[in-house]
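Asks: We have chain B; now place chain R with the ligand onto it with these hints.
Letter by letter, the chains look like this.
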Amino acid sequence: MNVEALYQDIILDHYKHPRGRQLLADPAGESHQVNPTCGDEVTVQVGLDSDGHLLVGYEGQGCSISQASASVMSELVAGFDPAQGDDARRAFVELMHSKGAAEPDEDVLGDAVAFVGVAKYPARIKCALLPWMALQDAEAKAGIGIAQEGTSTS
Amino acid sequence: MLQPIDVDRIRKDFPILQRTVRDNRPLVYLDSGATSQKPMAVLDAERAFYETSNAGVHRGAHQLAEEATDAYEGARATIAGFVGAQPAELVFTKNATESLNLAAYAFSNATAKAVHAPDSVDRRFVLSPGDSIVVTQMEHHANLVPWQEACAKTGATLRWIGLTDEGRLDLEALDSVIDETTRVVSVVHQSNILGTINPVQAIMGRAHEVGALGVVDACQSIPHMPVDVHDLGADLVAWSGHKMLGPTGIGLLWGRSEVLQAMPPFVSGGSMIETVFMEHSTYAEPPKRFEAGTPMVAQSVGLAAAVRYLDDLGMDAVAAHEHDLTGYALGQLEELRGVRIIGPRDNVDRGSAVSFVVDGLHPHDVGQFLDDKGVAVRVGHHCAWPTCRRFGVPATTRISPYIYNDRADIDIAMEGIMAAQKFFGV
Ligand SMILES: Cc1ncc(COP(=O)(O)O)c(C=O)c1O
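Sequences listed follow chains B and R, in order.
The numbers in this note's numbering rise by one with no breaks, and the one at position 63 of the first sequence is 63.
The numbers in this note's numbering rise by one with no breaks, and the one at position 251 of the second sequence is 251.
Bound conformation, chain B alone:
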């Protein structure tokens, strides 16, 4: 395991060219998360479009892992219905806690599979999870996906 395996091309690409990095015009919920050990910050906003699909906006500052993770996440879950978004989040959290042993499912996680190497660096897991925690919190504040949360066991 070396550092190049941590920073896969997808991560670098999202870091240098973040996708959808802007806030929503009319968010239903917002969450600002900070990693107090290093100062990484991300704000995630959510809403639902007229079809009940997720709208996601974000901004932030921090290391490549946290900012690329926000970009990958927003690109992945925007347009999902809330239950699908939850599945992706659970899969990502599981991947981060896999110590690098997991075989991530690209159908569920899309580009987020590239973060598999992060799981081997405990100090960086928090960076990768930061936007996902913000997403969860923003949804809770917006009252999105509460029914699913209630029945979940994770």
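Worth double-checking, as some hints may not be accurate.
Said to hold, decoys possible - Lysine-lysine pairs mimicking DSS-like chemistry, simulated, CA-CA at most 27 Å apart:
(1) LYS153/R / LYS120/B
(2) LYS153/R / LYS94/R
(3) LYS126/B / LYS422/R
(4) LYS94/R / LYS16/B
(5) LYS113/R / LYS153/R
(6) LYS126/B / LYS373/R
(7) LYS141/B / LYS120/B
(8) LYS126/B / LYS141/B
(9) LYS120/B / LYS373/R
What the hints assert, rightly or not - Computed, partial: chain B to chain R, Cβ under 10 Å:
(10) VAL3
(11) LEU12
(12) ASN35
(13) ASP40
(14) LEU48
(15) SER50
(16) GLY52
(17) HIS53
(18) GLY62
(19) SER64
(20) PHE80
(21) GLN84
(22) CYS127
(23) LYS141
If you're looking for bench data, these hints aren't it; they were derived computationally from the structure.
Cβ atoms here follow ideal geometry from the backbone N, Cα and C, with glycine treated the same way.
Replies: This is chain R with the ligand only, laid out in the frame that chain B set:
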């Protein structure tokens, strides 16, 4: 004649420096500002204590209890001697954070007691709205948050001495920030993030001029240079054992005995009392008044061994060695494209903690590439978040060399920075 530091010989004394990290790279430990590594002598001393003399101290009528008490009080004397103090003026705590809390709580506890039992407290520790507490903009959170708390409990106002762009204290503001309202001034001797060594004597002098008490956070100075606590001109001085080759779990608070005498207890319970009745208790003299519960005996023995180790090297030699490494590191960093030093760039009144940022790279990513080369550094805000804000950076990368580092270690760190720049294409 100064005996120069022999890094090769010293390294042999530190078992951890023999190990490798990440794909068999030799460990290059440049994070001593966070915590130092421990020589065999310290590990042996703790182990020997447990193997031969372990018992409760200051109680028990048996031989082991006597030996343990001797070991504990002997350690106190050794450590006190190292900083020019009397043993009775030296309080053992858990770490510098606890030492600083002990100082801050003296104020909030005395203020609370003054409401119901005004005669039981020394007025110097009683705060009220209109009073001010002064710190600086380069404090570690350990010397900032406890004072914010003291203000919140008493209505006093927190003020601070600001910083220049070079990372020095803005001393022109000294006389206006510290004024007749000021009751306590608490400043860091050497900044853990900027490396700046502050003129604490002058600041303590100004504090005393207005009748305020003076506190110094010497966490990053006592491990790295000769310090006589009396020379600092302070009333209280706090530092940690683990940054000076000692074990974790032990910190120090030195106080002028008259000031310690006047302070109310912090943590209360066993060992810190004189007499106890159901209705009330009276308290032991310092330092015991501030050492409630079973103390850290083995750690004190380990720290005494650390102090002897440093004494054998000579703190002048330690300071000279670090001064050389600091100058070298500053010069090498200046040579690198896109690197900005956060803190003084001249090697004057400056210690070995060197922080920097790399254009286009977050410190976490820089740290990861250093780690890949076996180099351990700290990244983040270094528990000095307001200081980072002052310089407009979210975080920095910090190298903090010590007695077991040499110029080759700095060179490897520079290679790591360049590797990160190359990889990210900045
Ligand atoms: C300047 C300074 N003050 C206070 C502290 C707190 O020390 P400790 O964590 O040992 O309590 C540190 C350690 O990081 C420090 O560098």
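Asks: Now tell me if each hint is right for this structure.
Replies: Tested hints:
{"no.": "1", "hint": "LYS153/R / LYS120/B", "in the structure": "violated (44 Å)"}
{"no.": "2", "hint": "LYS153/R / LYS94/R", "in the structure": "holds (24 Å)"}
{"no.": "3", "hint": "LYS126/B / LYS422/R", "in the structure": "holds (25 Å)"}
{"no.": "4", "hint": "LYS94/R / LYS16/B", "in the structure": "violated (45 Å)"}
{"no.": "5", "hint": "LYS113/R / LYS153/R", "in the structure": "holds (12 Å)"}
{"no.": "6", "hint": "LYS126/B / LYS373/R", "in the structure": "holds (23 Å)"}
{"no.": "7", "hint": "LYS141/B / LYS120/B", "in the structure": "violated (32 Å)"}
{"no.": "8", "hint": "LYS126/B / LYS141/B", "in the structure": "holds (21 Å)"}
{"no.": "9", "hint": "LYS120/B / LYS373/R", "in the structure": "holds (17 Å)"}
{"no.": "10", "hint": "VAL3", "in the structure": "holds (4 Å)"}
{"no.": "11", "hint": "LEU12", "in the structure": "holds (7 Å)"}
{"no.": "12", "hint": "ASN35", "in the structure": "holds (9 Å)"}
{"no.": "13", "hint": "ASP40", "in the structure": "holds (7 Å)"}
{"no.": "14", "hint": "LEU48", "in the structure": "violated (32 Å)"}
{"no.": "15", "hint": "SER50", "in the structure": "violated (38 Å)"}
{"no.": "16", "hint": "GLY52", "in the structure": "violated (36 Å)"}
{"no.": "17", "hint": "HIS53", "in the structure": "violated (32 Å)"}
{"no.": "18", "hint": "GLY62", "in the structure": "holds (6 Å)"}
{"no.": "19", "hint": "SER64", "in the structure": "holds (5 Å)"}
{"no.": "20", "hint": "PHE80", "in the structure": "violated (29 Å)"}
{"no.": "21", "hint": "GLN84", "in the structure": "violated (30 Å)"}
{"no.": "22", "hint": "CYS127", "in the structure": "holds (7 Å)"}
{"no.": "23", "hint": "LYS141", "in the structure": "violated (25 Å)"}
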